[in-house]
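S.K.: Given next are the chains, with one letter for each unit.
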Amino acid sequence: MNPSRNRTMEFDVDQLDGAGASDVRSGHWVDCLSRVAIQRDRTAFREVFDHFAPMVKSFAYKVPSLEQPDQFAEDLLQETMLKVWTKAASFDPKLASPSTWIFTIARNMRIDLLRKQARHVVNMVSMHAEDEDGEVDLEDIWFEDENSDVFNVLAQQRSRRQIHDSLKTLPPEQAYVLEKVYMEDKSHSEVAAELSLPLGTVKSRVRLALSKLKLIVDR
Amino acid sequence: MIRYHPDARFLTDYAAGSLPTSQALCVATHLHYCASCRVKIRDLTELGAELFSRQPAAAVEGAEFDRLMQRIDSQPAAAEGSATIRPINVVSILPRAVHKLTNGNLNELRWRRIGRNVRLSRLNVGDRQRETSLLFIKAGGSVPEHKHKGDEITVILRGSFSDREDKYAVGDFIVRTRRETHRPVASQDQDCLCLTTLDEPIEMSNWLLRLGLSVINRFSWPQAQHQAY
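Those protein sequences? They're chains A and P, same order as listed. The opening position of the first sequence corresponds to residue 8 in the working numbering, with each subsequent residue numbered one higher. The opening position of the second sequence corresponds to residue 697 in the working numbering, with each subsequent residue numbered one higher.
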């Protein structure tokens, strides 16, 4: 084989060994989810469960000052995985990777459970059920983008790889704020209040992090 | 052409799911009109998924899987796949969440009169800290000058309005912070419909209260216009 061609091959392998390794795995989860969707394959579902359940539970425990963290984590796991099972047919690998899809389900279920809890507490205090009619479904607000025209799988994989690689290089204070916003269910204002920082400081840390990750830069 | 977009703070909090529901509704409404922000949200969601995947694993017992399968087995099988299918012929020009909140029928909402040219209808988005409404301004009409105690977000659904600073069009996401005074005026050629959410109720000037802010009436929506939705 001619050496220059060989080098090209090696280059490809390098790509795979880097962040690309997670893409190979991603193909596996796509496969499992489609077996769950089409054949209602429980072995495939068990695989998905075993891989993602520990993340879903961690994600639940990150919510600060829960009254019953174990119960909450169990509930979030049950609700999220039930959705994965029932909605597997609507999973479209052209729109999202499996981990992104499951993250958005867990995120929406967490918002939903927290909202139900808050409502429960308020109702206990005020002793009457508040007007629930006409309330919007969370999935209408945090909707799945179905316009594949603006979507580009390659671009998405590239940005995932970009994120994967550059997260390590973030200064700790920026990574810390991102972690709080994404994992601990805190808005910028809540993070600012908790850390006794001006809102502007939190905003600029997030903005710096995002531009390091080459995600978004404010106009 | 959309010129006003949610900043990185709103987009990140939205993608993370930590934005209060009413503000998230405003971002979702903007996204309905704005492809470039939808792309950003995809990237920010990828970031969330990456952080999610990196978490240290929490212990999961085998019993939890068994419990889940029991639940699945006790569910009626027919409901499963069909629940996810959405009829494609029910397409509304209103953004999805606004359509849901109003049943797509603006006539049936309770519209509160604010002066001669402005009507306001409150929406229940399950967010007790904020007041979320649809605001209708007749062509050429203006919202009385007001100050905010809290922050106000406005997204234009139809028509356009201008204030001292600029002119805004459909899809624009406009943030006014506390203590900013402004007086939006709808353009002459078209009625203006906006979605708006306030951290704390507005401080209306005195004369407005005299004009009967509390008068609740059913605002009749001109037929031709309604069909445009």
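Keep in mind that the hints were calculated from the coordinates and are not lab data. None of these values were measured; they are calculated from a predicted model. Keep in mind that a hint or two might mislead.
Said to hold, decoys possible - Some chain P residues judged to face chain A by a derived CB distance under 8 Å, without partners named:
1) D709
2) G744
3) F748
4) L816
5) G855
6) D859
7) A865
Every residue, glycine too, gets a C-beta built ideally from N, C-alpha and C.
S.K.: Starting from the hint list further up, note which numbers the structure goes against and sort them upward.
M.R.: Of the numbered hints, 4, 5, 6, 7 do not hold.
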